[in-house]
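**Student:** Since the structure of chain A is provided, determine the placement of chain B on it from the hints.
Spelled out from the first residue to the last, the chains are:
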Amino acid sequence: MKKPSRLAAHLVQLGILVAVLGAWYWATLPGGINHLLLPPPIPVFEGFWVLFTADSIWPDLLVTVREWVTAVLLASVSGCTLGYLISRSGYAVRVFDPLLAGLYSIPAILLFPLYLLFFGLGPGSKIAIGTTIAFFPIVLNTIAGLAYVDKAYITAARSMGASDFQLFWSVMLPAAFPVVLTGLRIGCIVAFLSILGGETISSLAGLGHRIVSLAENMETSRMFSNILFAVLIAIVINVIVTFAEARGRRGMQ
Amino acid sequence: MSGAEAVIRVDSVSQAFGAEGDPRRVVALESASLDIARGELLCLIGPSGCGKSTLLNIIGGLASPTTGQVTIDGHVVRGPSPQKVAFVFQENTLFPWRTVIDNVKLGMAFQGVAKSERQERALQSLRAVGLADFCDHYPGQLSGGMKQRVQLARALGLKTEILLMDEPFAALDEQTRMVLGEDLSVLLAQTGKTIVFVTHSLAEAVFLADRVAVLTARPGRLKKLIHVEEGHPRKSNFMTSSKLNGLRNELYELLHEEIRKTMIERGEVREGA
Numbered sequence: 003m004k005k006p007s008r009l010a011a012h013l014v015q016l017g018i019l020v021a022v023l024g025a026w027y028w029a030t031l032p033g034g035i036n037h038l039l040l041p042p043p044i045p046v047f048e049g050f051w052v053l054f055t056a057d058s059i060w061p062d063l064l065v066t067v068r069e070w071v072t073a074v075l076l077a078s079v080s081g082c083t084l085g086y087l088i089s090r091s092g093y094a095v096r097v098f099d100p101l102l103a104g105l106y107s108i109p110a111i112l113l114f115p116l117y118l119l120f121f122g123l124g125p126g127s128k129i130a131i132g133t134t135i136a137f138f139p140i141v142l143n144t145i146a147g148l149a150y151v152d153k154a155y156i157t158a159a160r161s162m163g164a165s166d167f168q169l170f171w172s173v174m175l176p177a178a179f180p181v182v183l184t185g186l187r188i189g190c191i192v193a194f195l196s197i198l199g200g201e202t203i204s205s206l207a208g209l210g211h212r213i214v215s216l217a218e219n220m221e222t223s224r225m226f227s228n229i230l231f232a233v234l235i236a237i238v239i240n241v242i243v244t245f246a247e248a249r250g251r252r253g254m255q
Numbered sequence: 002m003s004g005a006e007a008v009i010r011v012d013s014v015s016q017a018f019g020a021e022g023d024p025r026r027v028v029a030l031e032s033a034s035l036d037i038a039r040g041e042l043l044c045l046i047g048p049s050g051c052g053k054s055t056l057l058n059i060i061g062g063l064a065s066p067t068t069g070q071v072t073i074d075g076h077v078v079r080g081p082s083p084q085k086v087a088f089v090f091q092e093n094t095l096f097p098w099r100t101v102i103d104n105v106k107l108g109m110a111f112q113g114v115a116k117s118e119r120q121e122r123a124l125q126s127l128r129a130v131g132l133a134d135f136c137d138h139y140p141g142q143l144s145g146g147m148k149q150r151v152q153l154a155r156a157l158g159l160k161t162e163i164l165l166m167d168e169p170f171a172a173l174d175e176q177t178r179m180v181l182g183e184d185l186s187v188l189l190a191q192t193g194k195t196i197v198f199v200t201h202s203l204a205e206a207v208f209l210a211d212r213v214a215v216l217t218a219r220p221g222r223l224k225k226l227i228h229v230e231e232g233h234p235r236k237s238n239f240m241t242s243s244k245l246n247g248l249r250n251e252l253y254e255l256l257h258e259e260i261r262k263t264m265i266e267r268g269e270v271r272e273g274a
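First to last, the protein sequences are chains A and B.
The numbering of the first sequence is my numbering, which starts it at 3 and goes up by one.
The numbering of the second sequence is my numbering, which starts it at 2 and goes up by one.
Excised from the complex, chain A in its bound form (with noise of 0.2 Å):
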C-alpha cells in the first residue's frame, strides 16, 4: 500500500510544478504580460546554460559560497561554545535562553545598514549578517539539546560511576545530538537566505548583486536565469544540509 501512495505523491508534485510552467508559458503567449515584466520560460531556461558558458556565473557562486562558508564556520563555533558553556550552569539557562529567543525574534535584517557602514560593501557586511542571523537557532538549540537531557540517565551515569568527562562524552554530548544538529541545520539555511538578502541590498559581488543589476538593466530574462541558478544552490544546499543531518543522526544511534 505504501509504494503506490508515495509515488501517487511525486505525481502530484510533478504535476503542479508542470502546471506552473504551463502558466507561466500561456501568461507570456502574444497578448499577455509584457516580457519586460514577465520573460517567457523559454528564452530564461537558455540564458540558464549561457551561465556556464560566456556570462560566466562562477566568480560571484564563488563570492556567495565563501561568504556562506565563513558564516556557517562562526555561527557554529560560536553558537556551540556559548550553548555548552550556557548549558553547564541552570541559573545562566534562565537567565540566557529567554534573552536570546527574545532577541531571535527582532528581524535581525535590521542591522544590515549598520554592518555596511561598520564591515564596507565587500563581503564582510555578508558575513557579518549571515552569521548573526545563523548564531541563534545554532545557540538555542545547543542549550535546548544540554541543559535538557532527562536526568534519569545522568542518575544512572553517576550512579555507575560516571566521571565528568564521561558524562559529557558518553552521554550528554549523544543525547543533545539531535537537537544541536538540527539547530546546525536551520542554521546553515537561514544563513544562505540572509546572505543572498544583503547581496541583494548593497554589495559589490556575489549571486544576489547579479540579479539586482540586471533588474536595474531591466534584462529580466538574464535575472529570471540567474534567479533559477539561485533557486537551485538553495535546493542543493538544503539536500545537503538535510541528508548530512540524517547521517550523523544515524552515526549517533
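It is possible that part of the hints are untrue.
Said to hold, decoys possible - Taking lysine-lysine and the BS3-like style, the derived pairs with C-alpha atoms no more than 30 Å apart in a straight line are: (1) B:K225 <-> B:K244; (2) B:K160 <-> B:K85; (3) B:K160 <-> A:K153; (4) B:K116 <-> A:K153; (5) B:K224 <-> B:K236; (6) B:K225 <-> B:K194; (7) B:K85 <-> A:K153; (8) B:K194 <-> A:K153.
Unchecked claim - Anything over 12 Å on all C-beta distances counts as not near chain B; from chain A, calculated: (9) G24; (10) P32; (11) P43; (12) T83; (13) S91; (14) S107; (15) A110; (16) L123; (17) L195; (18) A236; (19) A246.
Claimed, not checked - Chain B is faced by these chain A residues, among others (derived, beta-carbon under 7 Å): (20) A154; (21) A158; (22) R160; (23) S161; (24) M162; (25) G163; (26) P176.
No lab work stands behind these hints: they were computed from the structure.
Glycine included, C-beta positions come from ideal geometry on N, C-alpha and C.
**Tutor:** Same frame as chain A, now just chain B:
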C-alpha cells in the same frame, strides 16, 4: 536473618524537602532504622509517597539524608559507590543511541572495568537474563520487559555485592512481571547478592523477599518487618501457596490503613468513607 552480619546499616535516617518552618515542607522519611544482612533480599513496601524510593536513593548515595546516616561495610555513604552498589531503576535508563551490549559495556566503562574484560562480562550478564541473542538490538527495538532485563544485566555486569532495585517491574503488565519475578528469584539465588527491592505489589514482595519492611504513610517510618521463611530459588507454586497468601494478607492488613491515611491526606477519599 538474625545472626548474619549487617552489610547495610540504616541509622535513624530522616529526609525532609524544603526548609524548616516552610509550610510546604515535606517530611518524606522520619528516623528510619534498619539493618540489612549480607545476602539478604529485603523488600521495601508502603503507600505512595512514603519515602521508599528516597530511602533507596539514600542507601545508594544518590541523595543525602537530612539527619542520620547509612553505612555500608562500616563506611558512611557520602555519594554513589559504584564498586559496591548497582541500581536498577523503574524508568528506562538505557541509552537509546547504544546497542544492548554497548549499554552493558558502558556501565562497566563508567565503573572502571578494563576494556579487554568488558565484552566477555557483558555477554555473560546478558546470557544470565536470557538476552544474549539481542546484543546488537537498540533499546527502542525491545519490549518493556526486555528493557528491564537489560537494565538488570547492566547492573549484574558491574559485579557489585549490593543491588538496589527501585520498582523495576512497575511499568510492566502483571503477566510479564510474574515471569520476571520468578526468573529474578532464580538468578538472585545464584549470585548471593544483598538486595533491596522497592515495590508496590504485595504478592511480589512476599514472593521475592527474605524480609519485607513495611513503611507507614508520610512521614515514612518503619512500621513492621515481616519474615518470609522460604528458601531460594522460589518456584511458581510458591506464588499460589497458602503460606504466601497468609503473609500477603498480613501485609494487606498492615498497609490498608496507611494507604487510606495517605489518600485522605491528599483529598482523594473522604474520611469515614
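**Student:** Are the hints correct? Go through all of them and say.
**Tutor:** Going down the list of hints, with the structure as the test:
| no. | hint | in the structure |
| --- | --- | --- |
| 1 | B:K225 <-> B:K244 | holds (18 Å) |
| 2 | B:K160 <-> B:K85 | holds (8 Å) |
| 3 | B:K160 <-> A:K153 | holds (25 Å) |
| 4 | B:K116 <-> A:K153 | holds (27 Å) |
| 5 | B:K224 <-> B:K236 | holds (29 Å) |
| 6 | B:K225 <-> B:K194 | holds (23 Å) |
| 7 | B:K85 <-> A:K153 | holds (23 Å) |
| 8 | B:K194 <-> A:K153 | holds (28 Å) |
| 9 | G24 | holds (46 Å) |
| 10 | P32 | holds (62 Å) |
| 11 | P43 | holds (48 Å) |
| 12 | T83 | holds (23 Å) |
| 13 | S91 | holds (21 Å) |
| 14 | S107 | holds (32 Å) |
| 15 | A110 | holds (34 Å) |
| 16 | L123 | holds (47 Å) |
| 17 | L195 | holds (32 Å) |
| 18 | A236 | holds (31 Å) |
| 19 | A246 | holds (17 Å) |
| 20 | A154 | holds (5 Å) |
| 21 | A158 | holds (4 Å) |
| 22 | R160 | holds (6 Å) |
| 23 | S161 | holds (5 Å) |
| 24 | M162 | holds (4 Å) |
| 25 | G163 | holds (3 Å) |
| 26 | P176 | holds (5 Å) |
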